[in-house]
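Chemist: Here is what each chain is made of, one letter per residue.
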Amino acid sequence: MKLHEYQAKEVFAEAGIPVPESRLASSVEEVVEAVGEIGYPAAIKAQVHVGGRGKAGGIEIVTSEDEAREAAESILGMDLKGYTVDRVLVEAGVDFVDELYVGVTMDRSAGEPVAMVSTEGGVDIEEVAAETPEAIAREHVDPAFGMHPFESRKVVYEAGVDREFAGDVASILRTLFDLYEESDASEIEVNPVMITADDEVVAADAVMNIDEDALFRQPDLADMAEASYEDDLERKAGEYGFDYVRLSGNVGIIGNGAGLVMTTLDLVDYYGGEPANFLDIGGGAKAERVANALDMVFSDENVDSVVFNIFGGITRGDEVAKGINEALEQFDEIPKPVTVRLAGTRAEEGMEILNTDLVTVEKTLESAVQRAVADAEEVNQ
Amino acid sequence: MSILVDDDTRVVVQGITGGEGNFHAEQMIEYGTNVVAGAVPGKGGQTSAGVPVYDTVQKAAIEEDADASVIFVPPAFAGDAIFEALDAPLDLAVAITEGVPTQDMAKVNKRLSEVDTRLIGPNCPGIITPGEAKLGILPGNIFSEGKVGLVSRSGTLTYQVVDSLTQRGIGQSTAVGIGGDPIIGTSFVDALAAFEDDPDTEAVVMCGEIGGEDEEQAAAYIAENMETPVAGFIAGRTAPPGKRMGHAGAIVSGSGTGTAQSKIDALNDAGVPVGDTPEEVADNVESFL
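Chains as they are written, first to last, in our numbering: chain R, 1 to 381; chain W, 1001 to 1289.
Be careful, since some hints might not be right.
[What the hints assert, rightly or not] Only pairs whose alpha carbons sit at most 30 Å apart, straight line, appear in this in silico DSSO-like list of lysine-lysine: (1) R:K336 x W:K1243; (2) R:K336 x R:K236; (3) R:K2 x W:K1243; (4) W:K1243 x R:K286; (5) R:K55 x W:K1243; (6) R:K81 x W:K1243; (7) R:K2 x W:K1107; (8) W:K1147 x R:K363.
Hint data in this document are derived by calculation from the structure and do not stem from the laboratory.
Sequences and hints are given; from them, build the entire structure.
Modeler: Structural data, given as structure tokens:
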């Protein structure tokens, strides 16, 4: 779960990390009022869950009320990589002399957290990592102990941070690491940490992502969750509780288990079709959930055919068949051709239950996918 | 004839009085697994699925001479349940639970490096040695006894490939689902090493997916250390970057790491044929035998 910059900065400020003065605004008038209070220069920053906001035109620096009004008008309501901007953070501009990168994340391969510091702040850190990996100092932290103070100093010195500010930066890193642990974050990143002309060290940006599996013990953070979907279909999937990803093709895909659903997508592509979505109904789905999945995929206007691929372990073929029948029997005419392949637990019972007037049944994964791809092609001829 | 589990494995089921735990304990017993006890705090003295329940794993291990556990405990308590299995100590713990917080697993992972217990999972279907024992939720009826080892991050994809093998009359020595989470107890390399050491495993199938670097590390291991032939499969070729495909671990990061192509290339470089379809994987296995 991603926090917005303004939310992450509230968390930072509470933990004692210096952040610039700011106000949240959702209208042009609110922006003008906020800038009036904060003074110039100020930054107007779109609050949406996308990276690279600056490059995409979602951040502007203003030095007068006219500029503030103009920036607010252009940013509020704009489409930023698929998300509509409905709020901006109005923040005091920082007169900085240097920009650093400070972050904490989980190193999957090592199975432990890693702290990262770089003097190449203010730019895309993934580019830095790809082109000059030596510019990022890293320190793995034993999760049983947490970050020792010496570790924070070690990585800050190793990164080559100006000695005058090393203590302050190390202190911020330590606080960030404590936050990372206490809040079950999957990632915390400050890019940039600014060294100001007045020799202060402030967190000018804030990225904080929380492990969704840990939200049950992070009630305050869970309350900050704002459903953020790229379109109505992803919103609907969120309501149904499906793992769903919309893609650009026209063959709708429903299956059970992430690996098998991904494989079904790959096979659609392999046999010359284009997958419209990833939809995992999960383990042990009952009839109603199966019907919801079909409703979900039918709602995508790009979909021309649907392939249903179930290999039952804890999911039962008869339940799946019931759900498919229920979903399809309510239509006078089936909206899009559906191909079903059932295998595993109670697959034979499921095959008997399936209403074959409404669906095409295929015995193998490969033949089911080929059928759905052919159906989709037929629609477009 | 197998790795990690066989008909001598004595199993305690952690969470045996819960719905899932009870159902799958019965299924495991029906398959022939030597389930000897359950462990549930506060339920000691009861009987569940026909076996005695103890308050602690250690008590179950001592009283019933158990050496392995299967964990069906809700996510909030699963990390603790794994620590308890390590403390008992057991030789093997299989964590089925999905949704264990990653930082809990980081702590578990640290402890694993200090003990002799092997952890499989979490968020996995478990492990089965056909005809002998199954620890987990895999549907026993699709497996058959034989000489092909199988290791996979995904449950249902495992079933798909096993089914293809079984239909061709190719049986399995052991199949292990290692789980789809970012931090897991048993990696591909761990499972491959065990298969390499098993004289009765004549070929191995490895089903990977996008995300992380486990498959690349496995490829390096295979090139260096394995004589047993390996057939590969990688799911997620069509996955767009930045989108999590179901599994917490299945994501191609923005910087392009964890892509299907990098994994396929690494495996090919290690001499591992990677099938385009599950049937092609079965073809490749057949060619090894």
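Chemist: Against the structure shown, which of the earlier numbered hints fail to hold, in ascending order?
Modeler: Violated: none.
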